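K.L.:
Here is what each chain is made of, one letter per residue.
There are 2 protein chains.
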Amino acid sequence: MSTSEGSVHEPNPGAIFDNINAYQRSAALKAAIELDVFTEIARGSRNADAIAQAVSASTRGVRILCDYLAISGFLVKDRDQYSLTIDSGMFLDRNSPAYFGSVVDFLLDPRLIAPFLNLTDVVRTGTTTLPDEGTVSRDNPIWVDFAKQMAPMIFPTAIEIAALVAGDGEIRVLDLAAGHGLFGILIAQQNLKARITALDWANVLAVASENAKKFGVAGRHSTLEGDAFEVEFGGPYDLILVTNFFHHFDPPTCEKLMRKILAALAPGGRSVTLDFLPNEDRVSPPIAGGFAMMMLGTTPAGDAYTFAEYDAMFRNAGFASSKFHSLTKAPQSLVISTKA
Amino acid sequence: MSTSEGSVHEPNPGAIFDNINAYQRSAALKAAIELDVFTEIARGSRNADAIAQAVSASTRGVRILCDYLAISGFLVKDRDQYSLTIDSGMFLDRNSPAYFGSVVDFLLDPRLIAPFLNLTDVVRTGTTTLPDEGTVSRDNPIWVDFAKQMAPMIFPTAIEIAALVAGDGEIRVLDLAAGHGLFGILIAQQNLKARITALDWANVLAVASENAKKFGVAGRHSTLEGDAFEVEFGGPYDLILVTNFFHHFDPPTCEKLMRKILAALAPGGRSVTLDFLPNEDRVSPPIAGGFAMMMLGTTPAGDAYTFAEYDAMFRNAGFASSKFHSLTKAPQSLVISTKA
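Protein sequence lines, in the order shown, are assigned to chains B and Y. In this text, residue positions in the first sequence follow the numbering used here: the first is 29, and each later residue adds one. In this text, residue positions in the second sequence follow the numbering used here: the first is 29, and each later residue adds one.
Everything labelled a hint here was simulated from the structure, so no lab data went into it. Treat the numbers as computed from the prediction; the structure is a model and nothing was measured. Relax, there's no trap hidden among the hints.
Copies of one chain are not kept apart here, so a pair can be met inside one copy or by any two copies together.
In silico DMTMM-like links for lysine to aspartate or glutamate, alpha-carbon gap of 20 Å or less:
(1) LYS105 <-> ASP309
(2) LYS357 <-> GLU38
(3) LYS176 <-> ASP133
(4) LYS105 <-> GLU308
(5) LYS176 <-> GLU238
Turn these sequences into a full structure, and let the hints guide you.
P.N.:
Here you go:
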């Protein structure tokens, strides 16, 4: 919405007004997903009246919501008829295999957005206003929701990573802070000789174990309960997966965990990091750079680290080398770090 | 943030992820304005450390905030140095005469954003979840804040409108729901024979009267306390200003007010409507179309009406004709409707 009314040549308040009101974009996507507006449009309801009837909502509300979604780029409007875009058809129609509408339950959980209602205080102190250690506090039930609700969005990325690292030999894999467990589970699906150990808090592991059953790899999927910083990893492992995890912590804490990972790897073993890696400028690509804001709001000291920072942290921890891999299905990237 | 990682050719979750998190854009602008980050950068603080010291905040918080603002297009980053854009320099540096950072206090008032925390319910019922009649309830103190905090943003628009309609003859002007009163006051400044009557609730009129003094037109500026739908307008007037007001109401209510306006106009008199007028498609231009969402969330039955709808409502109310005027300094447009 910001581009057409902003201007680089003459001052224009449009972009500022638009960004101040951007919270309505979050609200609109959440409402449309919760009401299944995208699903009903895919099923054939096309104008505001028909959609309103299908989703049991008011015509005024649905018409204004759908117009707003058309402005935001998630619907196409032709006269009074709405249709899905490629993205909304793929990801927001409940009958699409790639549906991930459930992510709004996690990403817009009132507990997660609370610090952003007074971000000024967070910027002042430099740390989350959430109690304890924010979202990384022990046994925080938000990670059970994460494991359940974010899995569909992560699925294509898990397939892509498995294709890159699973190989076909006998390997032992530690899936650190496994959550839904899909990263390890997809490796087990890809490589029938892979054995996975999923580590997380007990309440979260229940979700991972259920997924292992669902994907038919329960026989090669075991669990290890506890805090990644405290529990004995066992091993040695050939692969240790650290997916969407380092960003919650400051560099000394990351390095401490990297040293523990190094000790649990077999010679030649690899640590596979999936995370939001901005370029050196920290402001591109936009989603990776912008992710630091999520960490500012919700953690005591987390961040979106660049590859150079990961490379340095892994070297400090004793790894021989790290390599950057971009992914085609996710805004995150991979860092694959090898033990000598 | 959404364009570079979305794609019209291949499905990509980036734009959905970005829009779900868009509430952080509102939060970031509010925090930066409240901390006066833009003002301190204009004063010469350029890197995160220097800015943090100048605004008494943490370096981590300021660095992540400034990177996020660079991604959103409100700062330029060169190595570790931040500078203002044309828009942020003009409107968000407190020492700029066009500064309007105070609008975040109104636009992001917790009372205004509350309905958007559960927009699903609003869409279901088709009406605001705010108590009474939402923001249009009688003597709602939010309009005192509006009158104080939104005035700077409205100022260039008020100048532009005055130049269009003030003329140079003796005119009587009724400034309906006057708020800060600037639209009438700027006409009085432009045309020294104009006499203004500002109508609003008593608590709001105090702000308008203060502004009339400040702009040196208090001698030709009187006030009329009450509800625009109930109080006797007096008159006849040559101009009746209805700025950012009709959007709060449904068409029958708008027409009722238009009939009352017609009755208070002299023959040949004009009603001047300033409002968000989307094109017939209701989804362009984006800010005017998107404004309907603000009305869905905060009013019982308000909307962003097209020119064709205004034209029909004014004709139904007995006006001879209406003309559309676009403005260069605002996302709103004008409708000037003439009494026969």
